[in-house]
Each structure stands twice: as C-alpha cells, then as structure tokens.
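Student: Quick note on numbering: the sequence shown equals residues 1 to 76 in full-length UniProt numbering.
These are calculated hints, taken from the structure and not from any lab test. Quick caveat: nothing in here was measured; it's all calculated off a predicted structure. Just so it is clear, CB atoms sit at the ideal spot from N, CA and C, and this is done for glycine as well. Treat the hints with care, as some may be off.
Here are the computed distance ranges between Cβ atoms for each label pair [said to hold, decoys possible]:
(1) Val-18 to Thr-64: 36 to 42 Å
(2) Pro-62 to Glu-25: 26 to 32 Å
(3) Leu-22 to Glu-65: 36 to 42 Å
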Amino acid sequence: MALTLDHSIWMHNDKFRVDDWLLYENHSTIASGARTLIEGKLWTRDGRLVFSTAQEALIRAPKTEKLPENGTNGTK
1 MALTLDHSIW MHNDKFRVDD WLLYENHSTI ASGARTLIEG KLWTRDGRLV FSTAQEALIR
61 APKTEKLPEN GTNGTK
C-alpha cells in the first residue's frame, strides 16, 4: 500500500497529441525508511520530452494473516 505525500509535474512541451503514441517511463530513485521517491518522464513518438514528474510516497506492507500450523483449515 502506498500513500502519496507530494506530487509534482513540470511541463516542458505542450505541442503533442494525446491520441498519438506516448511513452511514460518511471523509476524509484530511492526507497528507504518506508518512503520512496519516484521520478518519471513522458516522451512523444519522435523523442520529445513532454513533462517530468516526481512523487514522494509512504509505503506500508499489508498485514498478512498467519496460517494455522496444522493444515490450512486449522484441523489436526
């Protein structure tokens, strides 16, 4: 589970078509202490950078239920 702490978008080019092929690439720059920084870029078909993004998120692992030790339904 992740919760966005902040999110920014920087527009570099507004001359693109939303109905054409676009590539959004993103990666986590760092993940530490239950937080992560994710950076992304949106590119046009001909390689023009449309916008850049940055997002900081808080990450929590879901709680898992412990299975019974003697079988999956608790019987012995």
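Student: Against this structure, judge whether each hint is valid.
Tutor: Hint check results:
{"no.": "1", "hint": "Val-18 to Thr-64: 36 to 42 Å", "result": "40 Å, holds"}
{"no.": "2", "hint": "Pro-62 to Glu-25: 26 to 32 Å", "result": "27 Å, holds"}
{"no.": "3", "hint": "Leu-22 to Glu-65: 36 to 42 Å", "result": "41 Å, holds"}
When held up to the earlier numbered hints, the structure conflicts with none and fits them all.
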